[in-house]
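Student: Chains as they are written, first to last, in my numbering: chain A, 1 to 291; chain B, 1001 to 1788; chain C, 2001 to 2155.
Because the hints were derived from the structure by calculation, they are not lab data.
Some hints could be false.
Calculated lysine to aspartate or glutamate pairs in the EDC-like style (CA-CA distance at most 20 angstroms, straight line) [as the list claims (entries may be wrong)]:
hint	chain 1	residue 1	chain 2	residue 2
1	A	Lys188	C	Glu2123
2	B	Lys1026	C	Glu2075
3	A	Lys188	B	Asp1470
4	A	Lys188	C	Asp2122
5	A	Lys248	B	Asp1635
6	B	Lys1026	C	Asp2122
7	B	Lys1026	C	Asp2028
8	A	Lys248	B	Glu1642
9	A	Lys8	C	Asp2024
10	B	Lys1026	C	Asp2024
11	A	Lys188	B	Asp1388
12	A	Lys242	B	Glu1695
13	A	Lys188	B	Asp1016
14	A	Lys8	C	Asp2017
15	B	Lys1509	B	Glu1109
16	A	Lys242	B	Asp1637
17	A	Lys8	B	Glu1642
18	B	Lys1749	B	Asp1388
19	B	Lys1509	B	Glu1552
20	A	Lys188	B	Asp1637
21	A	Lys8	C	Asp2067
22	A	Lys188	C	Asp2120
Computed from a predicted structure; not experimentally measured.
What follows is the residue order along each chain.
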Amino acid sequence: MDITPYPKLFLANDLNEALRALRELADSAIPLAGATWVMRAPLRCETADRTLIDLSRIEALRTINIDQQEAVIGALATHEQIANALNGYNDLAALAQAAGHSANPAIRRMATIGGNICTAEFAAADLVPALLALDARLEIEGLDGSRTQTMAAFLEARATRAHTDLVTRLIIPRTQRTSTHARLTLRKAGDYPVANLSVSIALGAGGKISAATVAVGAVEAVAKRWTGFEEAIIGHAPSPEKMQMIAKTCLEEFDGRDAMDAPGWYRLRVLTGLVANAFSTLQETTLGRAM
Amino acid sequence: MQNTADAAVMNFPRRDARDKLLGRTKYTIDVGGSEVIHAVLLRADVASAQVLRLDVEAARSMPGVRAIATWEDAPGAHGIGIADHPIFARDVIRYHGEPIAAIAAETLEQAHAAAQAITLELAPLPAVLTMAQALEKDAPLVHPDWKDYDILFEGAARGGNVAWEATVARGDTDAAFDRTDVTIVDGVYRVGRQSHVPFEPRAVVAAFEDGRHHIQTSTQVPWTVRHVTARVLNIPESQVRVTVPAVGGGFGLKFDCSLEPYAAILAKKSGRVVSLVNSRREEQMTCLCRENAEIRIRSAVTADGEIVGREATVLMDCGAYGGEQVFLTTMTAHTLGGNYRLGSVRLSSRAIYTNTPPNGAFRACNGVYNTFALERHTDEICDAIGMDRMEFRRHNVVGDQDIGATGQVFEGDVLRPMIDRMQALCAKHPNGRENGQRLDDGRIYGRAMTVGTWFIFVGPSAATVNLNVDGSATLVTSGVEIGSGSMMHALPQIVAAGLGIAPEQVIVKTADTDAAGRDLGVGGGRTTVSIGAASAAACDEVRDKLLAVASEMLQTAPEQLVLADGRVEIRGRPGSGTTIQKVVAEAETRTGPISGSGAFTGPGIEAMPGCAAGHFIDAIDIPVFAVHDCELAIDPDTGQVEILAYRVVQDVGRALNHRAIHGQIQGGVVQGMGYALHEEITINDQGCFDQTGFEAYRLPLAQDVVPIEFDLFEGAPSCGPLGTKGAGEVPILNVGATIGCAIANATGKQVSQLPLTPPRVLALLDGRDEPLALNHISAIWSDNTLRR
Amino acid sequence: MTITLTVNREERIFSGDPRTPLVDVLRDHLRMTGTKAVCREGFCGACMVHVDGAPMASCLLPVGSLDGAAVTTIEGVATMEHLNAVQQAFEDHDVVQCGMCFPGMVMTMSRLFQTNTSPDRDEIKAAMTGNICRCTGYERIIDALMSIRTNEVTS
Ligand SMILES: Cc1cc2nc3c(=O)[nH]c(=O)nc-3n(C[C@H](O)[C@H](O)[C@H](O)COP(=O)(O)OP(=O)(O)OC[C@H]3O[C@@H](n4cnc5c(N)ncnc54)[C@H](O)[C@@H]3O)c2cc1C
Ligand code: FES
Ligand code: FES
């Protein structure tokens, strides 16, 4: 049947309404969160006439809860909300910084974490490497129930994901680690990053790195963990110089993406500088106190 | 002019600010409402093709469609120098984005839908996308029929893909290069295209009223719009009226007729008011950019730093149609041929056709990149002969009675004292840093000082001043307020000074070709000078009439009367006279209302006969000089460049409005920083621009800029009113040069290209890039000209 | 679809495609043209309005999402006689050029000064990241704003 009861923008009042609408409209509808990606479709010359299932009224998806065990962030939380709510938590700093320095103030006020991670075409997302580095899991809901998934698994299947499911929450385990996010933009600020990096580490005896998760975005089409580097830094003191030296030996894991803003070689070339920046931030802010 | 009146008009704040701050100002893009219908252009999406079939019948019957126009509606071609440009593609498409049809419909969506319904069949043709390709021996010609075009200005060499060639030859360069006591320095330079990005895109609203076209448009050149529209529509110019609402930025982009004829045709065909506005994407993709250019300079210099010979070739990409670049070939003589005394010189300045979107004029057009090339080349000379960069400049800059490239004689020592002033300005902030030094944060420090020569574009302007019964004056000109403030600051100030009234009492009428006389337009820094001079002349006539009446009323000879504070006073006896209102009222009973008209066109400085060929102007009427200094830091890990300090000494003739000039310097230098560091339009293998919007085309943001420190150099000779020169155009002139030279100084590397984006700087530092080679520009100068 | 929203304290009704960006509703339907659509991609800030008090880029806001929201535009922040402090500083320092960016600048900066009455130069610049001006080169705008910081006024 052609005639649907849905207007071209449907304000769902709750999750079920949204899921039902997505199921009924199938390919002719997509979820709408902060709209900052979707509304630029005409500029990308996308002409599909799709119904927007607006999630913004679903209050339950907006909340951020942080306790001793985990931080649970609703998919509709905006970058601004996240930066504010996570401020002061050393282990969550990578996400707070990624959210607090991306884009520009008005966009941070509008764009959501759900939208940031669900946009498959967007290689330079800041929140994605942060979530990878913080070992976040996603909660995904469909009409047939909910499940959770690791970021890595989600990213792998993202491009072909069914639009009938919704990302509802991000769950980040709390740890004793410290983390940070570093990004390089061609201007001082306001651009998409040409490369970004999130680091989360734990220090063991003698201030040596005992555990590390590091993720890199924008360098390739999809952000990923930098596993060779993670392994190589275990047992070292986290000095920026040392870390940068090690990073230089671990670059073969990446195949730099050539795009209009920067060639692939440049993204790789600047990555080690980002490593140094990230570790000096870690040193200055958090580790400094501990050491 | 009396000093009191003079002081009373200084630093007048602009009166359009409040409405702009309240969102009340109506720009052309804001004209609308239910009576207005909307137009779109169907544009080509290939760079070069034969049109096999164009059928608009199906589109005509689409919902809401009110009119469709194609080449049949616009038979004429236009251009500068050569009439090579039809407004619609007919048999061939020459660039990606070229208009093929225009459609007006009740709504924008309907117009777009109708455009989709037009049938267009194309057969691809080979395309030349770069100047190197265009100059290859058997390159396809962008205009195979170039010989048949109307020539609008005689004297140039043309041929094949060379749209226009202007040459300069003064003295015997062969002999100079053959000397045994000279060092020969050879350099090549390349710059990309810069997009103006005025915040208001090109936009027009047209109506057909009482048998004539009325065009409201966002333009810098109402009279050019009138002329070109009439020419392409093949109608008398008198049938076109152009008026100009507030213009939301121009920077030269709106120095040409662009969308206006399409809207005019559609308005007549539909009988409706038609609005045509470029979407941002269209605006970007068809921007009449500052052209990409390729330059080779060779110089023969003696050990003590005398430039005995210079030969240079400048290739300017004009895109598919000659446009402004044809004119701009002229400028090379004064920009690249400027700054320094030259024993002998040969210049070839060529506009080259390619299958790319046409280029246009952009603030200090041609000067910006030629100054970059010239100043980089100058530093290379200094390195080659082992001379200090400042000493070399101080020694060689043109001064009083020196001759320029085309043999014009310069008046006054201006550049040399300006260099002194710059050194004094810099001396206020000693920091002991040296080029190449590592700063505490590991970044590399660089600094450079450069000089630049620009000019004020004079030419015809007309003004009428009506003195009103209430003592106010109305100034009627074809001037346009594009944002720079010259219509808001300088003109009311000049009229107020001329009539002894407050600038608040001067009403400045917005441009209307039905009301004011002809004018070349707002650009080239000419408003204050040309329109200002015409306005001052109009004031003189008003003054004479006013004083004649007052003389009888006050029984005092006119020479004994002064105008100040809205009154006519007997000299030396304040309060003795009467008000301007009373004199105007008296005049009305005797001869009628008081008005005056004035005109200006420029003094016409002479060049040396026979030096210049194919030039639109052989000498520059009002030279303008600039000295810039920049300190910067380069991050060796990222190639990012941060400007630490930027200083300007600018030749302004006379500063009427310090704050306004400050605004122009800050804004112009920042646009130059964009050009030097980030802004570049690149063209892909489809002949289409890569940077279609703000995400990819990176304009400077607040965090990328610093406050510009400046010193205004007053007193250089100028025929401008009150001794002024235009101050708005020149601030951008040597920014690319200064930043380029500072980066070269910091890194010790050969800097030959702009912009210096972080990837390009990092490639330079890492030695990753091949040195620039421009093999299509021969080291033998005469190979680079058609006049061989 | 019919959408009701409050624009400058007045209730307005829009019927049409709910995906229409707010900026077009303001400009084309309500004919409030002070809000400018310059880039339509969130970078320039010329389209900035306040939605429930917070500055947002109206080119990226589908009007349908705003049913029931309160929108303030540049037309709603001041009267012709009384500019707000930010506008007044811009006028007093004579910083306006073409003016196209200023409605957005005013909306962003008015809000900044509500939340932080004495921002420093860097904070002002950071807050201006999403407001581009092609004409002025920013610094004089920032000079003007520095003059209305509370410690500026009191000291
Ligand atoms: C000017 C500008 C600058 C920017 N700079 C940066 C930057 O520096 N760093 C950065 O990371 N990002 C940047 N962005 C991108 C921005 O972060 C994304 O546009 C944004 O995160 C998308 O979120 P949204 O809520 O607006 O998503 P929407 O546009 O609403 O949606 C985006 C996509 O995600 C889908 N979607 C949204 N929510 C869900 C959900 N819960 N479940 C399933 N699917 C969903 C939608 O269907 C759509 O396909 C910038 C954007 C702009 C406009
Ligand atoms: S028009 Fe909305 S941010 Fe530029
Ligand atoms: S004043 Fe023109 S864009 Fe800011």
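Student: Does the structure keep Lys8 (chain A) and Asp2024 (chain C) at a Cα separation of 20 angstroms or less?
Tutor: 17 angstroms, holds
Student: Is the Cα-Cα distance between Lys188 (chain A) and Asp1388 (chain B) 20 angstroms or less?
Tutor: 34 angstroms, violated
Student: Given the hinted pair Lys248 (chain A) and Glu1642 (chain B), is their Cα-Cα distance within 20 angstroms?
Tutor: Since the Cα atoms of Lys248 (chain A) and Glu1642 (chain B) sit roughly 25 angstroms apart, the hinted pair is violated (cutoff 20 angstroms).
Student: Is the straight-line distance between the alpha-carbon of Lys188 (chain A) and that of Asp1016 (chain B) 20 angstroms or less?
Tutor: Status violated; Cα separation ~32 angstroms.
Student: Check the hint pairing Lys1026 (chain B) with Asp2024 (chain C) against an upper bound of 20 angstroms on the C-alpha distance.
Tutor: Given that 20 angstroms is the threshold and the Cα spacing comes to 16 angstroms, the pair holds.
Student: Given the hint that Lys1026 (chain B) pairs with Asp2028 (chain C), does the C-alpha gap stay at or below 20 angstroms?
Tutor: Holds, because 13 angstroms separates the two Cα atoms, which is no more than 20 angstroms.
Student: Would the pair Lys248 (chain A) and Asp1635 (chain B) pass a check requiring their Cα atoms to be no farther apart than 20 angstroms?
Tutor: With a Cα-Cα distance of about 18 angstroms, the restraint between Lys248 (chain A) and Asp1635 (chain B) holds, given a limit of 20 angstroms.
Student: Is Lys188 (chain A) within 20 angstroms of Asp1470 (chain B), Cα to Cα?
Tutor: 54 angstroms, violated
Student: Between Lys188 (chain A) and Asp1637 (chain B), does the CA-CA distance stay at or below 20 angstroms?
Tutor: 15 angstroms, holds
Student: Check the hint pairing Lys1509 (chain B) with Glu1109 (chain B) against an upper bound of 20 angstroms on the C-alpha distance.
Tutor: Outside the cut-off at roughly 36 angstroms; violated.
Student: Hinted pair, alpha-carbon criterion (20 angstroms max): Lys8 (chain A), Glu1642 (chain B). Please report holds or violated.
Tutor: Cα-Cα ~47 angstroms, so violated.
Student: Quickly compare the C-alpha distance for Lys1026 (chain B) and Asp2122 (chain C) to 20 angstroms and report which way the hint goes.
Tutor: 33 angstroms, violated
Checked against the numbered hints above, the structure violates hints 3, 6, 8, 11, 12, 13, 15, 17 and 19; every other hint is satisfied.
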